[in-house]
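Given chain G, put chain V in place with the hints provided.
Each protein sequence line maps, in turn, to chains G and V.
Take the first sequence: its letter number 402 is residue 402 in full-length UniProt numbering, and every next letter is one higher.
Take the second sequence: its letter number 1 is residue 1 in full-length UniProt numbering, and every next letter is one higher.
Keep in mind that the hints were calculated from the coordinates and are not lab data.
Predicted model only: the values in this text are computed from it and were never measured.
Ideal Cβ positions, reconstructed from N, Cα and C, are used throughout, including at glycine.
Watch out, some of these pointers could steer you wrong.
Covered stretches of chain V (in silico footprint by chain G; criterion: 3 or more residues with CB under 8 Å from a CB of chain G, positions within the stretch not fixed) [unchecked claim]:
| # | segment |
| --- | --- |
| 1 | 307 to 315 |
| 2 | 383 to 394 |
Lysine-lysine pairs mimicking BS3-like chemistry, simulated, CA-CA at most 27 Å apart [claimed, not checked]:
| # | chain 1 | residue 1 | chain 2 | residue 2 |
| --- | --- | --- | --- | --- |
| 3 | V | K5 | G | K60 |
| 4 | V | K211 | V | K31 |
| 5 | V | K5 | V | K172 |
| 6 | G | K393 | V | K160 |
| 7 | G | K315 | V | K271 |
Just so you have them, the derived chain V footprint on chain G, three or more residues with Cβ under 8 Å [as the list claims (entries may be wrong)]:
| # | segment |
| --- | --- |
| 8 | 33 to 41 |
| 9 | 306 to 320 |
2 protein chains.
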Amino acid sequence: MNELKAEIIAIGDELLLGQTLDSNSHWISEKLTEIGIFPCRRTTVGDLREDILDAFSQAKSRSNLVLITGGLGPTNDDLTKPLLAEFFDSDILLNESALEDVENYFHSRGREVSEVNRKQAELPDKCQKVTNAYGTAPGMWFEENNTVFVSMPGVPREMKGIMTDQVLPKVKEVFDLPAIGIKMVKTVAIGESVLAEMLSEFEEQLPNHVKLAYLPEAGEVKLRLTGRGKDKVLIDKELSLLEESLIKIVGSYVYGKGNETLASSVGKALKNASSTIATAESCTGGYLAHQITSVAGSSSYFMGSIISYNNEIKKNVLRVDNDTLLKHGAVSEQVVIQMAENARKMMNTTFALSTSGIAGPDGGTEEKPVGTVWIACASELKTVTKCLHLGSKDRTLNIHLSAIYALDMLRKEILEN
Amino acid sequence: MNELKAEIIAIGDELLLGQTLDSNSHWISEKLTEIGIFPCRRTTVGDLREDILDAFSQAKSRSNLVLITGGLGPTNDDLTKPLLAEFFDSDILLNESALEDVENYFHSRGREVSEVNRKQAELPDKCQKVTNAYGTAPGMWFEENNTVFVSMPGVPREMKGIMTDQVLPKVKEVFDLPAIGIKMVKTVAIGESVLAEMLSEFEEQLPNHVKLAYLPEAGEVKLRLTGRGKDKVLIDKELSLLEESLIKIVGSYVYGKGNETLASSVGKALKNASSTIATAESCTGGYLAHQITSVAGSSSYFMGSIISYNNEIKKNVLRVDNDTLLKHGAVSEQVVIQMAENARKMMNTTFALSTSGIAGPDGGTEEKPVGTVWIACASELKTVTKCLHLGSKDRTLNIHLSAIYALDMLRKEILEN
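Looking at chain G on its own, in the form it has when it is part of the complex (with noise of 0.2 Å):
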């Protein structure tokens, strides 16, 4: 078959009523990257006969590779298997392996098939059946006029386990392949148009077979390049140097690579260093502490943490001096110079991360309003400070910047060290 097209439909009112997250189009997506094949379009309908109709002629007509999700259970509101049927003028029989495959499902389970179950076994006549080993409804896969449409049950798990087990390879089996090929690179505390602007010559020298796409989050962006040819080793190694140059022109704002987060990253360094960390929190509220231990592996390196939320806490917890909150207040460098500090002597760590500051959306003042957040770094020898203007009264994304760019803090103190 010539150049590939594939696209992803699925099947329910329960996605476009919000009510499911559609997680099924999504790691599709990613598997069928992972084997070089670019879906070209993704497409939800209900349980409705003319939108699912219509997506099957749309898709047909673009593309030669078609994954359905959904539709398939044994209830009237399921309709994918007669329509399927419908649209590739199928009669529907009884398929005797597939009531074979149910009975060894129900048996295996010490139940007795139902009636309604026995149903599932009916296929269309003009596919062949996909052995479903985690449920009832057996898949299904049509090949016409180059086309392949793979019909497969929306429980994830379900859908999970015969896309592994059995469309994968046989897709791989049917279709000529091209090599493709992904570097991913992260940045952090640089916005897009900053990099875009580092990045623009560059961008302006990449072949034509290969893309850059800036993938932003909070306080992060992601750099992806992505390759495509013949020859995945030949691939690789271009994209390994373009990421090498890519990394060499944005520098220090690049923590890592690939799947790499930025707890991630700064985890690695500190185990690599024989480093330990500890937090003491203000504003952040447990959310930094979390951060790093999100990541599996983190009691190597994290010993833990004084959320300080209230003064008492800082003072009788912390040891924070008196004198110094009143002085100061509690968002203010001196406060978490001494918190990052004590919290290190107490923990007995190589560094130590604070943050004080108002998340809001309340709180605020005229000289330290919503979004100002001092955040500190402490080691041996010296502990550096940070007064962050967020700018936002968004509470959750305050919250998010000051964890990451205390982070950030930590990853150049270790380079550092």
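Showing chain V alone in chain G's frame:
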């Protein structure tokens, strides 16, 4: 306008390649449904001229309201603006009001506007600017032949802000919508199927214009009653009565209504009782404190937390007895009791919650597999404990569920006190 058809288009290679989960389309679906608009289709296309234009024409041929997210950044792979201009036969000109917005956005953050950002203030002349108070790319509102196209940034925080502040109110103005009433009842620590059995009779007796939906999340199930009619007051009255019956049936599994979260509902109860709370966390690593402090105003009842990830911190800061740690291990009833009781005393609070468990993915033993978590809640009179067997190796899920069950334990203790 007559029968309203709405659809959603999400634009971005990162979605099609499965690198970013399209949570935007899901959120928009939910919000449209809440104001009585049932989306009939969702489409995702990549950063490709032909595919985007094709999605626009198809949507225009089917629907009156088309909500578009993504592709509005300042970089070259962002095509939505030029293609919308082409599609609506518009010239792209500098929009003075949008420029003012961008300038304000940067100046309030003490930064200068770059050339790239200035370009974001250029808009197709046939659209109305939709102010983006959350970022630099303005939204666009096109109205032509009874069809509205709205373009919004793909960054979820910006899209949600714009939708809430501007787009939803304007949609309600422009379109003739049915009266919709919605009641949301929040339950915790009970499964969807058990709830469905409890509510089967209630559900059967619902009038045709009222629907009950089960929206499961990790540890929680939201129950949504949606009623459609002509008179908003009547619908709301009817739904209030139904909501009351529903809450009676489900009983103490209900923790709140409407927009309440488990943390906000527990916070409200603490405030009403003039009570305070502290946490002592091991496996939740700060996530429990973060849940509590994600609620605005939580500083009035949350004092602080000791995250004792390492046993040394359990001993030296939280004063957990060394013999107890050696004899029973950190993941034990005896240890969570001491953690909660000592934290309560140290921080002088009405209640203290503690957690200690194996979040995974590794670190389990035969006796205490991954997902084994002890939680405790101490008050002046007593300390209650619970052992969770979460049966999952998913670290994120285990941390989340531990916090949910701990908050639920506190909720019940407050009710009893």
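Open item on the list: Could you work out which of the previously given hints the structure breaks and list their numbers from low to high?
Closed with: 2
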